[in-house]
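We have chain A; now place chain B onto it with these hints.
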Amino acid sequence: MPRFVANRLLALIPVLLGIIFVTMLVMDLIPGDPVALMLGENARPEEVAALRAKLGLDSPLLVRYARYIVDVVQGDLGRSILSNRPVTAEIGDVFPHTLRLTLAAMVLAVVLGIASGVISAIRPGGWMDAGVRLLSLIGLSMPIFWLGLVLIYVFAYYLRLFPVGGTGTWRHLALPALALSAPSIGIVSRMTRSSMMEVMHEDYVRTARAKGLNSSSVILRHVLRTSLIPIITVVGLQFGQMMGGAVLTETVFAWPGLGRLTVLAIFARDYVLLQGCVLVFATSYVLINLAVDISYAYIDPRVRV
Amino acid sequence: MSSQPVDTAQTAASGISASRSALEETRRFRSPLMDVVRQFSRNRMAVAGLVIVVLVTFTAALAPLLAPADPAVQQLDDKRMPPNSDYLLGADEFGRDILSRIIYGSRVALFVALVAVAIAMALGVSIGLVAGYTGGWLDSVIMRVADVMLAFPYLLLAIALVAALGAGIENTTLAVGIWATPSFVRVTRSQVLGIKHREFVTAARATGVPTLRLVLRYVLPNAIPPIIVFATLYMANAILLEAALSFLGLGVQPPQPSWGLMVADGRDYLRVAPHIATFPGIAIMIAVLGFNLMGDGLRDALDPTLRGRI
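In the order they appear, the protein sequences are chains A and B. Everything in the first sequence is counted per the working numbering, starting at 853 for the first residue and increasing by one. Everything in the second sequence is counted per the working numbering, starting at 1103 for the first residue and increasing by one.
Please keep in mind that the hints were generated in silico from the structure rather than gathered at the bench. Only a predicted model underlies this, so the values are computations on that prediction, with no experimental measurement involved. Don't be surprised by glycine CBs; every beta carbon is placed ideally from N, CA and C. Among the hints, a few may not be true.
Claimed, not checked - To list a few chain A residues with every Cβ distance to chain B over 12 Å, as calculated:
| # | residue |
| --- | --- |
| 1 | Asp910 |
| 2 | Asp928 |
| 3 | Arg931 |
| 4 | Val959 |
| 5 | Ala982 |
| 6 | Tyr1150 |
As the list claims (entries may be wrong) - Where chain B lies over chain A, by a calculated footprint (3+ residues, C-beta under 8 Å):
| # | region |
| --- | --- |
| 7 | 866 to 872 |
| 8 | 966 to 979 |
| 9 | 987 to 993 |
| 10 | 1000 to 1012 |
| 11 | 1114 to 1123 |
| 12 | 1128 to 1135 |
Same shape as in the complex, but just chain A:
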């Protein structure tokens, strides 16, 4: 087992190097000179050139790439052009907020998704099944930024049950987490249903029923447990969905997280900060997928081979 984890961790290194390279390549395409932008219109050309040299922007892409990697390994993501603070400090301030939002949404997605999927699978073709399936499809067809606005209107402006935005208590967290989790609830629900339906007709399920176990214990202990692996895969993939979704949800709810910082960095053309944000997002996503892979190995020993 430790060897399996170590191998998987080593396999992450080329992916992370690739992510940094793609990000730098994309940033290089940004039209206009970020340095000229930083110094304003009245900057003299020699000032611009001096700052470019100071930031290391006068070197070719591959040289900058190598330097950036050396810095990243030492935990240095550069300084934000906008605030002149270290990017690690900027991200460190907001990352816990995004983590809290994503985890809350994940809990909602897992609990509501699996529960509705089980309800759906118990009587396939029934009206509960039809209702759950339609709702899950609507959930994953809704733009989450729009759902966020609808929730704000109904629960904050109209019913005055929750605050419009900001952070602090669980009441601040409720609406953004619900908006962020909607597509994932739908996807987890659909996966739970189809995965359970596959197992439902296995011989051992029939045996369990035949020996007189009541149906809820058959469903939960025999069917759901075996169908967990594909469900866990989908849940892991949903983290990626949610980190992207956080950009939208945080914008709608004025949630001071990494997503909003990313949008801020784009509009300010702060490419150092943007690069750091993208890197942190992608790294967390890759690490979560690794955690999912490792959890398979615990659940299903065949994976370890």
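Chain B in isolation, oriented as in the chain A frame:
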């Protein structure tokens, strides 16, 4: 069925043989395509999806005929007017007719999604064919690059691309297309891997069919079904992605009527005029739902074993 009037007694007498000949007829004409059509049309949800997709397409094609007003004309006296008989879905903050803007917005949504999926399909299928068929180091390199692109959380790669390329409808389309490409590479490659060692391919190769022809005529047609399913489901994703980018102000720019942009416009007036943000969002949801339903139906009709995997 015969269109000529037939005596009822005679029909009853020849009933059995008639139904048998009908059976033989269906058997004779039964083609895989007809099977798919039959499977698809039995699925009520799938047909509902097809109807929505056709309606949205017609709306986009006939926008000038359907729209009650010019989507760009501003009637500042009527700004933020709630829905009434003049403005069926109300007016926005510049007094423009929201219904007309939604109707014209379907053109933007469909254009971006169609072209983006076409780009992703063209690139993804050709790269996937090369990777899957040749294998070896080229396959490894291609798949590592695809892995890196898929390691970006949903939306982030597209956001970074639009930030780099600049906003606007063309760049948004390109960004959405590039974002979807690695998924098409993956699905094509995995199909090719399953097909290339089948007997008919080996047989064709043994008879001296040149490689390019072998890939295009023997391998590709058998890899198509899941790609079609993928393309339909990615139409839904592409519409959502364009709306999201435009909502953030990074995608389609005003005054073009993009649904995502319209929701963003309504955000500032949510308390006083909630209709401005609500209706464009419903339009997005309906269009996306249509493609999702249709994609699900196609998947079940074309290849039920894909259920749960796509």
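Hints, one by one, checked against the model:
No beta-carbon of chain B is positioned within 12 Å of the beta-carbon of aspartate 910(A); the least distance is around 20 Å. With a cut of 12 Å on Cβ distances, aspartate 928(A) stays outside the contact zone with chain B, its closest approach being about 21 Å. Against the 12 Å criterion, arginine 931(A) stays outside the reach of chain B, whose nearest CB is about 19 Å from its own CB. Every CB of chain B is more than 12 Å from the CB of valine 959(A) (nearest about 19 Å), matching its label as outside the interface.
Against the 12 Å criterion, alanine 982(A) falls within the reach of chain B, whose nearest CB is about 9 Å from its own CB. Chain B leaves tyrosine 1150(A) outside its interface by the beta-carbon criterion, the shortest separation being 22 Å against a cut-off of 12 Å. Against chain B, the region 866 to 872 of chain A contributes 4 residues with a C-beta closer than 8 Å to a partner C-beta. That satisfies the three-residue criterion, and the hint holds. Here the region 966 to 979 of chain A counts 0 residues with a CB under 8 Å from a CB of chain B, which misses the bar of 3, and the coverage is violated.
Figure legend: the region 987 to 993 of chain A, annotated as covered by chain B; annotation consistent (4 residues with Cβ-Cβ distances under 8 Å, at least 3 required). Under the rule that three or more residues need a Cβ within less than 8 Å of chain B, the assignment of the region 1000 to 1012 of chain A holds, with 5 such residues. With 4 residues having a Cβ less than 8 Å from any Cβ of chain B, the region 1114 to 1123 of chain A passes the three-residue criterion, so the hint holds. For the region 1128 to 1135 of chain A, the assignment as covered by chain B holds, since 3 residues bring a beta-carbon within under 8 Å of that chain's beta-carbons and 3 suffice.
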